[in-house]
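Protein chains in written order, with our numbering: chain A, 16 to 259; chain B, 16 to 259; chain C, 16 to 259; chain D, 16 to 259; chain E, 16 to 259; chain F, 16 to 259.
In short, the hints are calculated from the structure, not lab data. Incorrect hints may appear among the rest.
The list cannot tell twin chains apart, which means a pair is met if one copy fits it or any two copies do.
Distance condition first, Cα-Cα at most 25 Å in a straight line; then the derived SDA-like pairs of lysine to any residue [claimed, not checked]: (1) LYS92 x GLU224; (2) LYS92 x TRP254; (3) LYS45 x GLU83; (4) LYS100 x ARG258; (5) LYS61 x ARG119; (6) LYS133 x ARG230; (7) LYS92 x ILE236; (8) LYS133 x THR151; (9) LYS92 x GLY55; (10) LYS257 x GLU83.
Protein chains: 6
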Amino acid sequence: MTTQDIAISDETIEQLRHVSTATLTTQLFKRGLRNVFLQGVAPLVKPAAGAPNMVGPAFTLRNIPAREDLDHVGVFKNPDHPQRKAVETAPAGSVLVQDCRGDRSVASTGSILTTRLKVRGVAGMVSDGCVRDSGTIGDIGLPLFCAGASAPLNLARHHAVDMNVPIACGGVAVYPGDIVVGDVDGVVIVPREMAAEVARDAAEQEIMEEFIAERVQGGAILRGTYPPDESTLAAFAEWRSKRK
Amino acid sequence: MTTQDIAISDETIEQLRHVSTATLTTQLFKRGLRNVFLQGVAPLVKPAAGAPNMVGPAFTLRNIPAREDLDHVGVFKNPDHPQRKAVETAPAGSVLVQDCRGDRSVASTGSILTTRLKVRGVAGMVSDGCVRDSGTIGDIGLPLFCAGASAPLNLARHHAVDMNVPIACGGVAVYPGDIVVGDVDGVVIVPREMAAEVARDAAEQEIMEEFIAERVQGGAILRGTYPPDESTLAAFAEWRSKRK
Amino acid sequence: MTTQDIAISDETIEQLRHVSTATLTTQLFKRGLRNVFLQGVAPLVKPAAGAPNMVGPAFTLRNIPAREDLDHVGVFKNPDHPQRKAVETAPAGSVLVQDCRGDRSVASTGSILTTRLKVRGVAGMVSDGCVRDSGTIGDIGLPLFCAGASAPLNLARHHAVDMNVPIACGGVAVYPGDIVVGDVDGVVIVPREMAAEVARDAAEQEIMEEFIAERVQGGAILRGTYPPDESTLAAFAEWRSKRK
Amino acid sequence: MTTQDIAISDETIEQLRHVSTATLTTQLFKRGLRNVFLQGVAPLVKPAAGAPNMVGPAFTLRNIPAREDLDHVGVFKNPDHPQRKAVETAPAGSVLVQDCRGDRSVASTGSILTTRLKVRGVAGMVSDGCVRDSGTIGDIGLPLFCAGASAPLNLARHHAVDMNVPIACGGVAVYPGDIVVGDVDGVVIVPREMAAEVARDAAEQEIMEEFIAERVQGGAILRGTYPPDESTLAAFAEWRSKRK
Amino acid sequence: MTTQDIAISDETIEQLRHVSTATLTTQLFKRGLRNVFLQGVAPLVKPAAGAPNMVGPAFTLRNIPAREDLDHVGVFKNPDHPQRKAVETAPAGSVLVQDCRGDRSVASTGSILTTRLKVRGVAGMVSDGCVRDSGTIGDIGLPLFCAGASAPLNLARHHAVDMNVPIACGGVAVYPGDIVVGDVDGVVIVPREMAAEVARDAAEQEIMEEFIAERVQGGAILRGTYPPDESTLAAFAEWRSKRK
Amino acid sequence: MTTQDIAISDETIEQLRHVSTATLTTQLFKRGLRNVFLQGVAPLVKPAAGAPNMVGPAFTLRNIPAREDLDHVGVFKNPDHPQRKAVETAPAGSVLVQDCRGDRSVASTGSILTTRLKVRGVAGMVSDGCVRDSGTIGDIGLPLFCAGASAPLNLARHHAVDMNVPIACGGVAVYPGDIVVGDVDGVVIVPREMAAEVARDAAEQEIMEEFIAERVQGGAILRGTYPPDESTLAAFAEWRSKRK
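With the rest of the complex left out, here is chain A (with noise of 0.2 Å):
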């Protein structure tokens, strides 16, 4: 069932980076996948305008609740602690995704492991619970999506427990090398097996949605225009013809 093996192409990378997640989730929802989108997390730092999306294989890790004889200080001087190893291992390129249960009580990660990420080339960390730092730790460079701003560290509520398995991540099944794409409205999980077709088609989609949007912009009505009939079709056709 793992697909990991699926070789993901530099041109749907770079086709997933410039179209919304709202596009992938319409090109998902016609292929009857209605919950791929993380619900409760958004980007902590407002994209900028015409950035690209977030972009990678997903690379998990996955949290149970904490025990307070377990989860303490003194773990993290364990190398081996998974929340550490898993920083240590995600892949330059992946993105780090946490299942945190949802709960937003304490943080999932702070400055210096978003530092180290970074160094390290991952492509983004993406979590169900909040993370710490906030106010600087958008400075570092990484995109990070999560549920909020939280002070508490990590040990108060979780305990890491292990990485590149299955996991659930704001109500959605994330598996290792699913395609994880984030925009401003937020974290679209893409089967790694459709992921070619899926941004091949959103591609499309977005094209078709400009010629729309400017056919609405100039007075159209909604009828033939949005979704288009025959004679917008063969508009779009010529529009579409002169577009490089």
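With chain A fixed as given, assemble chains B, C, D, E and F onto it according to the hints.
What follows is chains B, C, D, E and F alone, placed relative to chain A:
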């Protein structure tokens, strides 16, 4: 029970553009209405300082939960689909208010429909659901009040079912024709039959509060100032008479 | 059990102004306190980068649910109304902390009361309810930490009942005199009797973390660096000795 | 889109009386419908073992939030008040389904209205709100499925607004005429156009599961038994042929 | 504002023992009080049919969140611990009402304290938290209304802080001395100053409703019967006169 | 960190069968563990008075959210489907504990799988999701602790993904081999390494509390009795010595 025929003067609309929703809720509280402010709804983009409020009569759209066999992307080909029809029917100057049952998991509008509303002269859109394309939709210039950003299309959760009927939005009853006022704090529903009186008294209340705020900034203690006693009221009368 | 008589030095206050709530929660976690960070409470206006924290001893105000016959607008004519009295009584330098039972449906303060607190020299206001006039209230210059913006006046839900008693706020116990610290992540309650020690150790922790962050930015792996092993500690000692 | 004219045979109704809602949700799942079971709704009184299900076509009543000036006890003097009218209009054999927006704070019916429904031959009442008089209302003999017990009258939160329109109940779309089935687990909505087929297949599924359950009780392992392989299917065919 | 000195007659108490909380909420609604029924609170053991209600003046206990260093098992050695003191102080005939902030994660009482309350003649216990020992605590014979069963001791979440002050319970204001009435639907708080009048009118309302219920059972339509028109009122007057 | 090899004596199991979960949470609280009781989980059928507890080592099953293309009814044809495999693998005497992320919208087991667990000698099933067939599943005789009844099959929300790994259930960490104890209040997780000591101390605590309860029933005041002072302890010692 419908009160849509009551005329609303331009003066009332103008007054409502320049008083806060805070003041309006106080005026409605004085008239026995405690549940007039939409819960969980906020401006998508913070209004500029001093910008006038969104104001207009409610034109409503009701959504019920989606059913997979009825709510597929093909439905939009029907130009009488209630959502598309509502966008084409809401009068210029009105505010389109959507009942999304407070469901934050999907979008209740996107940029093309919002553009069409703007072109048609609609005054704003309110929803207790989310919107997609949240990074750019604010640039269209239509005031949007909603539960936040979410990428998935409405069909994943909503079936638009009828328009211009009384609805629930953000836990508040909204009757077609009620006056919807939105500012930085959120949205208040002013029953149409009270709008003229509430607008006038709210405007008056704000003049008084401007005077009180000045006094408090100047060091006045609350006792006798807020609320004003006879002596403060006399000072206010004088201050008021000097003001145009 | 009251600890309000314990003196808090200016040095402690100054230290707390310059350490993050993240660091403070870690110091309190080390002392066995896991529930010290207010849930659902955030700064209304994001503090400027580098701005000092809000810091001061808690002066509390307790609200219970409103009852329609007791909580009408006439109550404010009573200058001994507990909310008004609290605003006039909270000492200069203190932080007014309100127990609103986490109810986000109404405001717990507005601009006139906030102005009075500012004029009186109060250090800040914290509430697990909302505030109204959210567009302009931040300009008054009083740090406000709350659950968000909501227009309706407090009387629609709250009955202010007593002040300077132990309360719940954001799910955390707040005893009068506890030191309240607020930054961009939110608000932490430091028990008064631990404040001096916690402030000192937090300041020290942050110096260490500055050193570690530099190393990680420079490419150091987490193992041996964070937390530091003997060799890193030795390097730190040298770095520390060179720093003023 | 209305399907109310599709006839439902007595055989279908009878089949639906004797299959579980668990089986029905499985049949609907096989047809692509995942959201057919009312969330947060349960029988007020646990049905007796072996009792037939509540079954009947939906007759709906829609409630929106109350407004204090419109929803006072005087409204019931109007015999055309939608709630009273719905109680007098729901056909014998139908199930009255109320949209209460999942609000559990007040009642959606009490013993006098329930008595009237029973006298009129209505088959049951379903609400995603609560009921009052919960100690004795079960003795009336009308099957009631709801969110629990709550004393306050509906007017404190609800304004009955129209009837026999599509509604939301327990997070599920309910169209007038859909077949409502309630058993000990709760309530499932069977789209009217699928009812005959779903009823027939559900009845057949339960015969098969009776056979499988016998085998598992007798020690059969799951592999090959549940779901059945060819050999188990052959054994089932024989068992089935011996059964009436 | 305290009304604890208002005498409550034995007749009032007796009337309140025999009217439903449903009727009481209607009487209070008529007087403008919409928020008098505790949300999320139910009888732990369903009262026997026909059993009198729990009735008594409120004696309150307020809890705030626990702090690990203050709330250890040793605190109970202090005989003045507020919870223990409340159990020993609540007068015979009163109802002990606990503010647990609606926290369902731990118990707010167990069998030994409940036994002590019973021995002391207290009329009942109400909490918006849970109780432990739920299998046997009902056998003690003290009416208990709570949020359900939960095993952990109160100290894990609660710090009992003071008694006989106004509190919140189940989202409702409870003033010491208010009359607490509990039946199968749950608990209503009757403000002490209204108790006599409300009890009398509630008793009268129930006689009327008994008559109406008889008529409806006999086939009367709602129009003219519920609420009664002049003709039904005349019939009621006659029926009433024949009844003792 | 795995402790599954620690032997658990029959005496410990027997002790745990006869102490309450209330007592066990107190013993664990004394050892610093505050989060050991599953939230939102209760026995489906109230245990008979005096019935022994469900007790056994945890065998876990982890579920993540379903994905429509992966979780169709065909998956059960795979005999290695993790849910089916878990049912066939959980050892006799163990308790199958499912992580359903607290999702109450669907079932996590039904009567056929429960029958198989019973036949295989499994000691019980715990889930923070619901179960279907709730009217009859209790007759199978396997103790079931869950979030309630819900008809839809697990596939509508859950994807069973792996077994015998540490999981979250009801907000609590459950490690394979931890001792799961369920009674009328709910379920407590006793870390395996503490089980022997906790069981012994819990048994002793209950004997003491039986003595205290007798005293309180006899009219003893709390002071000096609960907790016991020296004199009560002496009386207890004597009472204890006379008891076999």
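Verification of the hints:
no.	hint	verdict
1	LYS92 x GLU224	between (53 Å within a copy, 15 Å between copies)
2	LYS92 x TRP254	between (62 Å within a copy, 22 Å between copies)
3	LYS45 x GLU83	between (46 Å within a copy, 11 Å between copies)
4	LYS100 x ARG258	neither (48 Å within a copy, 32 Å between copies)
5	LYS61 x ARG119	both (19 Å within a copy, 19 Å between copies)
6	LYS133 x ARG230	between (42 Å within a copy, 13 Å between copies)
7	LYS92 x ILE236	between (64 Å within a copy, 13 Å between copies)
8	LYS133 x THR151	within (14 Å within a copy, 28 Å between copies)
9	LYS92 x GLY55	neither (32 Å within a copy, 32 Å between copies)
10	LYS257 x GLU83	neither (66 Å within a copy, 39 Å between copies)
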